[in-house]
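Listed below, chain by chain, are the residues.
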Amino acid sequence: MMNYSSGPLHRPEPDPPAVRAQDLTVVRGSRAVLRNLGFTVPRGQITGLLGPSGCGKSTLMRSIVGTQAKVTGTLDVLGRPAGHPSLRARIGYVTQAPSVYDDLTVRQNLEYFAAILHPGRAAAGLRRESVTRAIADVDLTSHADALAGNLSGGQRSRVSLAVALLGTPELLVLDEPTVGLDPVLRRDLWQLFHDIAAERGTTLLVSSHVMDEAERCHRLLLMRAGELLADDTPDALRDRTGADTVEAAFLHLVDAAIAAGRTEETTS
Amino acid sequence: MSTSTSPTAGAPAAPTRALNLSRTLATAGRVLRQLRHDPRTIALMLLVPCLMLFLLRYVFDGSPRTFDSIGASLLGIFPLITMFLVTSIATLRERTSGTLERLLAMPLGKGDVIAGYALAFGTLAIVQSALATGLALWFLDLDVTGSAWLLLLVALLDALLGTALGLFVSAFAASEFQAVQFMPAVIFPQLLLCGLFTPRDNMHPVLEAISDVLPMSYAVDGMNEVLRHTDMTATFVRDVLIVAGCALLVLGLGAATLRRRTA
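Going down the list, the protein sequences come from chains U and A.
Numbering-wise (full-length UniProt numbering), the first sequence opens with residue 1 and increments by one.
Numbering-wise (full-length UniProt numbering), the second sequence opens with residue 1 and increments by one.
Just to be clear, a hint being listed does not mean it is correct.
Claimed, not checked - What the simulated footprint calls covered on chain A by chain U, stretch by stretch (three residues with Cβ under 8 Å from a Cβ of chain U suffice, anywhere in the stretch; the number is not a length): (1) 25-35; (2) 88-101; (3) 249-262.
Note that these hints are calculated values from the structure, not bench results.
This one's a predicted model, so the numbers in the text were calculated from it and none came from an experiment.
Where a beta carbon is used, it is the ideal one built from N, C-alpha and C, also for glycine.
Could you put the whole structure together from the sequences, leaning on the hints where they help?
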């Protein structure tokens, strides 16, 4: 269908994990939005970041991308501390609200962002190719010359996703990429995510508050109220909690966490 | 279909530098392309100053001397005001739409953003100033002793100053409502004190002292130098340097308000 690179990256030495966090804490205002998180995100897989809205998913993603202030603890991304200048070209980031220029066409949007990633006249051919590929990836070829502002909400978020695919990043951080999309589009996007992981060796960190999407991930990070409830595969989660679905497993873990909190209160 | 590695897959993106000419030009081109999709804004930016000058000419129909002095001052003030408004709204939109955060998470220098905007709006300012100056000199009989090129130079620097102030102020506005209100807050005091309504040495000493540190005073002063003298006077050179210096200073401050990490 498309020209993907062949297979995952082969390197002589084992790569550091895509993300490694230890005692990660983020303060916004006077409130700690993330408290002492510790986890690793392996390379070349899709890791789902799940939890109710307001639990700190976006803050965690912004910390990984390096746009969040007041981050303490250890947070290494692709072997470098998060926010390191050399990481900017290696990470693709899609915010929850589509961040594209409404008064430019789809192609003009992508051409501009491509010019930031690969500046100069020498890279013109490369830019044209990566723009065309990114538009095809998100299935917007027929809308390439439409103004982004005239597209539907789902189409605009796909333009935003296409921008993140431009430079063939090693790590893709996607904040609720499927919210508000119809079932067919959601299925197609998840297919695209799996293709990207399998064929380009890209690591994907995808957040969602819809639990049925969890089943499509290789690994899961379950969050609640700024804390990590679980860091496991969907199968292991279901086995451990004896639940049929990830949703049931999540609810089980939440109840257990609340119960643990109560006993702590009574004992102290 | 093909299993060959696509050329984009292996190509590392060029690293971030404080200022990169290609990225700056790409940014300027993008800002102008956005404007091209909004012809009404372009028309307003270019025609409103001309209309105001035209109006002013016939308001002072009986006293052409007054028109000369006020008209020349306004040739410097119009570009400042329009560029201030357009830039503050445009950058605010960039901040609120999330595109700025995205750009700063990419290998783009802050200087590229600022210089790109300054270049794009500076280009527009040249067209605007050329139209207004041409209209004033050749159709409205504005009587200028010095060269029209010097008028244009001051107008351009004023436009840059307006762009710089707009960029800077947009950092303190949370909405378009606030951004528009910064116009009277930042521009009107300068307008009152710049010597447009009454010579600055006639003002209360405190106000005169304040007007001495406001950049618009020098913009208007520079225009009046061109109005009265055939050649470049020392005062003119001082005025031009001060306006240019202020523009660069505020552009630098504007760059400092662009934060890669936000709360």
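Taking the hints in turn, this is what the structure says about them:
no.: 1; hint: 25-35; result: holds (count 6)
no.: 2; hint: 88-101; result: holds (count 4)
no.: 3; hint: 249-262; result: holds (count 4)
Figure legend: structure checked against the earlier numbered hints; every hint is met.
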